[in-house]
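Given these sequences and hints, build the entire structure.
Following our numbering, the numbering of the sequence shown begins with 148 at its first residue and continues without gaps.
It should be emphasised that the hints constitute simulated quantities derived from the structure, not laboratory data.
There's no promise every hint is true.
Pairwise CB distance ranges, derived in the manner of DEER restraints [to be verified]:
1) G660 x L573: 32 to 40 Å
2) D413 x Y507: 29 to 37 Å
3) L566 x W320: 48 to 56 Å
4) P165 x E262: 42 to 50 Å
From the three backbone atoms N, C-alpha and C, an ideal C-beta is built for every residue, glycine too.
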Amino acid sequence: MQTAADAGDAATLLAAVPAGRRVALVDPRFVGHVHALRLGLTDPRFAAATVPGALTAQPEARGALLRALRRTTAAVGAGAPVVAPDTDPAPDDRTVPGRIAVALEAEGTAVKRPELGSLTATVPTDAGARATAESARDGVDDEAVRLRSAVKAHDGFFTTFAISPYSRYIARWCARRGLTPNQVTTASLITALIAAGAAATGTRGGYVAAGILLLVSFVLDCTDGQLARYSLQYSTMGAWLDATFDRAKEYAYYAGLAIGAVRGGDDVWVLALGAMVLQACRHVVDFSFNEANHDAVANTSPTAALSDKLDSVGWTVWARRMIVLPIGERWAMIAVLTALTTPRIVFYALLIGCALAACYTTAGRLLRSLTRRASRTDRAAQALADLADSGTLAQGVAAVAPGLRGAFTAPAVALLGTLVMIGGALFLPYGSPLTVAAAVVYVVLSGLAVARPLKGALDWLVPPFFRAAEYVTILVLAARSDAPHAVPAAFGLVSAVAYHHYDTVYRIRGGTGAPPQWLVRTIGGHEGRTALVAVLAAVLTHTAGFTTALTALAVAVALVVLVESIRFWVSSSAPAVHDEGELA
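Here it is in structure tokens:
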């Protein structure tokens with residue numbers, strides 16, 4: 148830390164700092180909480196950030212900081228405010244760091260101003276103001292605020308009241324011992340995998356141990372996010388781990404339960420795969436709706452207004468959060484039922500609970516979409532197109548087919564294709580060439596559905612319909628096959644494809660766009676994979692070759708998407724965010 152005599156001296160000192168390092172300007176008169184400075188100066192997610200009296204810049208914003216500092220040195224020295232043309236006449240923070248922050252924004256550099264709440268951060272100009280600021284600072288427990296802010300503001304009932312009251316202290320314990328969120332995330336994954344292994348034993352003792360370990364894994368899962376917020380340790384690797392491990396843990400546990408049930412003489416692989424398919428489809432409904440309305444310009448719908456009104460009544464908030472069976476409630480239910488009942492009962496409860504939750508959330512979103520006149524942007528349409536995961540076949544159809552007009556045409560065509568594909572897999576004679584014909588119809592209808600930009604009120608339903616068509620087709624064809632172990636192989640295939648779809652979501656959320664088109668083309672797109680499985684079922688009817696083909700396809704998809712995903716998430720282009728995620 149070095150002290151500058153004036154703004155010009157500060158520019159000289161900053162220029163001498165090595166280029167790859169973060170720098171900060173702090174007014175020597177600053178009075179405030181240490182955690183206020185942490186929030187303003189140490190969060191790695193933002194190129195530039197400021198609190199009253201302090202400003203920081205990451206390496207990518209340092210050039211703009213130096214230009215602004217040199218350009219405004221004379222104005223600051225003269226006491227004139229530094230503002231952009233045609234903006235407010237003066238910044239709220241008239242210190243040198245505050246003026247420079249305004250100058251940075253005028254140049255086009257975004258400057259983050261974190262919410263401080265009850266924390267103090269100010270630069271007093273006289274003895275009276277200093278005494279007032281010091282009194283305000285001393286009247287608030289900095290550590291208590293830091294602990295409270297480590298917990299997500301909006302979380303499920305079980306997480307809020309059964310986990311967070313003590314997991315925040317575990318997070319602090321980890322921080323004081325130098326543990327990182329990534330290490331805690333990895334510990335949570337390992338614990339969940341051990342739980343899956345315990346469930347796979349098929350014994351009552353194994354089931355009890357699995358239930359306990361699953362809850363421990365969830366505690367660690369909450370702790371890693373709280374540790375990241377407590378210590379402001381956000382990273383690209385952490386974003387990838389946090390975004391993918393929750394799903395990996397849950398679906399691995401489903402597989403463990405299915406293996407344990409088989410050892411006990413009860414084959415529930417179809418139920419396990421059905422639970423994974425339902426959960427994945429629930430998530431894509433959430434993702435698609437949110438992306439479609441991410442930057443929509445519209446009036447507030449009556450449904451949204453009613454939802455906001457209900458949120459003002461305390462008990463309805465918790466009731467509505469519990470109805471959607473979020474991850475805390477869901478894992479608690481799975482853990483308790485695993486310990487006390489059988490895997491079959493666990494999956495029945497899971498399927499019923501998730502189906503009711505899916506109906507509730509989807510109905511609400513349909514009502515919002517139909518009662519809200521929204522103008523959706525090109526960005527939203529592109530996000531939906533990326534979530535659709537159309538491959539070469541569907542894109543080829545879309546390129547030559549005329550776009551079908553109509554407000555609800557795209558979701559209607561996608562739904563029709565989904566019904567044709569699933570209906571063919573369910574009701575046509577197994578192995579019939581007609582199933583392949585149904586797949587061809589599905590490919591054509593999939594291309595027609597995405598031939599025009601997805602900007603309609605219900606176009607966010609297109610990706611969920613495609614997910615349902617692909618996942619359910621794989622499930623049905625594997626379940627109807629007499630090939631040994633076909634359903635476990637299908638479970639592996641859906642897991643690999645679902646990882647690709649989740650990876651797409653988290654890249655879009657991070658603002659870096661979907662995976663590259665070569666990846667989508669290589670793994671066939673949703674319609675290509677669906678058609679391929681239909682062809683395999685017809686060609687390899689009732690033979691072990693069908694299981695082998697599904698396994699080979701699962702391994703191939705997993706290798707391609709994992710290698711590309713790991714490459715991306717450890718690269719410099721990946722977003723340094725800690726995903727807060729939906730409740731589900």
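Now for the hints, and whether the structure bears them out:
Under the hint 32 to 40 Å, the C-beta atoms of G660 and L573, about 36 Å apart, fit the expected range. Taken as a hint, the range 29 to 37 Å holds for the pair D413 and Y507, whose Cβ atoms sit roughly 30 Å apart. Checking the proposed 48 to 56 Å range against L566 and W320 shows it holds: the Cβ atoms sit about 53 Å from each other. Between P165 and E262, the C-beta spacing of about 32 Å breaks the proposed range 42 to 50 Å.
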